[in-house]
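**Q** Below are the chains, spelled out letter by letter.
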Amino acid sequence: MKKYLKTLLMYVCISYTMVSVSGAVVNIITGTKTSNSNTLIMFGLCVIASFVLSLNKIFDEFSPLLMIVLQYAVVMALCAGFLFLLSLIDPISPKGWIEYFRSITVPYIVIAGIYYYCLYDEAKKQDRIIKDIQNGKK
Amino acid sequence: MGVRVCLPVYLECNLKQRMKLNLFEDKNCKEEHVDVYFTNMRPVIRQIMDSVNSERPSFSGRPADEDLDDFEETILDPDDIYYLDFVDRKLFAYTKTGVFRLMNTLASCEEMLWNYGFVRVSKSNLINIYKIKQLRPDLNMKVYASFDNGERICINRSYKKTFNEYLKVMMRQTV
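Just so you know, the protein sequences line up as chains A and B, in that order.
Take the first sequence: its letter number 132 is residue 132 in this note's numbering, and every next letter is one higher.
Add 138 to the 1-based position in the second sequence for this note's numbering, that's all there is to it.
Because the hints were derived from the structure by calculation, they are not lab data.
Treat the hints with care, since some could be wrong.
[What the hints assert, rightly or not] Computed Cβ-Cβ distance ranges for the label pairs, DEER-style:
1) Asp276/B to Val26/A: 32 to 40 Å
2) Glu249/B to Cys118/A: 26 to 34 Å
3) Asn56/A to Arg274/B: 31 to 39 Å
4) Asp286/B to Ser87/A: 34 to 42 Å
5) Ala24/A to Lys306/B: 34 to 42 Å
6) Lys57/A to Arg227/B: 23 to 31 Å
7) Leu65/A to Ile213/B: 57 to 65 Å
8) Ala245/B to Phe43/A: 25 to 33 Å
9) Leu65/A to Asn242/B: 54 to 62 Å
10) Ser196/B to Val69/A: 27 to 35 Å
For each residue, glycine too, the CB sits at the ideal point set by N, CA and C.
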């Protein structure tokens, strides 16, 4: 459990750093500003996404594609619930909900694409190693 | 003086790489022996050692699709086996000639066949890497190992690390 929490904390730190740095770069380019509440929401979303992604062992029996889709659905549902609770205190505009949908979907698709590329590349490397072993050469 | 006949033969192992084999016939030889010269202790050398020590694993299997009592056992060499499949508490060996039921456990086979290119890729499968035709991911992102007989075995994500480590060790040893 301790090891799991350590790993989860590491995932949260990495994902939040990536999201906040990317957000800062986008803000500089587009000239937009972000608020403190947005920063905290971003952190909350990173915690939820990292938690769901860390449960990948549960989805081990499914194909990676199904796992990605299921995890995406769970992340979306949990984040929507989280934002709904926040909206009871501070209402979110319809545009805010679209932004939320976009800011989770886009990185998710990008990461899924990277995952597929890495998987394909790794399989290709393994295939090459197997051929080399079969031919008895390094 | 004994007759010393040198017969250069090329020993073909499950590797495509060939190894020169010298056979000497000596009628006065008191103790028959085998000398093996090798550059490093790779799996094929261990296989030769197993053969000399009469420890080369072989399995007796019965045709899977027939009644177990009606058919004779077939001796299977590890080199003939594509993969092992554990289904319904029964272990099956898939070969070019057919499917055979073995009476061993998957764990014991895994231990015995380590030097013969067999690696665990899922809870119920042990595959022979020398028989893999191609390794590639499917559209559903599962990685499959295809064999000459047209069958495919999925490499489970949980066993990916073990599989990679096994390939690295085999690669290091196969020089």
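**Q** With reference to the structure, classify each hint as holding or not holding.
**A** Hints, one by one, checked against the model:
no.: 1; hint: Asp276/B to Val26/A: 32 to 40 Å; result: holds (36 Å)
no.: 2; hint: Glu249/B to Cys118/A: 26 to 34 Å; result: holds (32 Å)
no.: 3; hint: Asn56/A to Arg274/B: 31 to 39 Å; result: violated (22 Å)
no.: 4; hint: Asp286/B to Ser87/A: 34 to 42 Å; result: violated (60 Å)
no.: 5; hint: Ala24/A to Lys306/B: 34 to 42 Å; result: holds (40 Å)
no.: 6; hint: Lys57/A to Arg227/B: 23 to 31 Å; result: holds (25 Å)
no.: 7; hint: Leu65/A to Ile213/B: 57 to 65 Å; result: violated (42 Å)
no.: 8; hint: Ala245/B to Phe43/A: 25 to 33 Å; result: violated (46 Å)
no.: 9; hint: Leu65/A to Asn242/B: 54 to 62 Å; result: violated (35 Å)
no.: 10; hint: Ser196/B to Val69/A: 27 to 35 Å; result: violated (46 Å)
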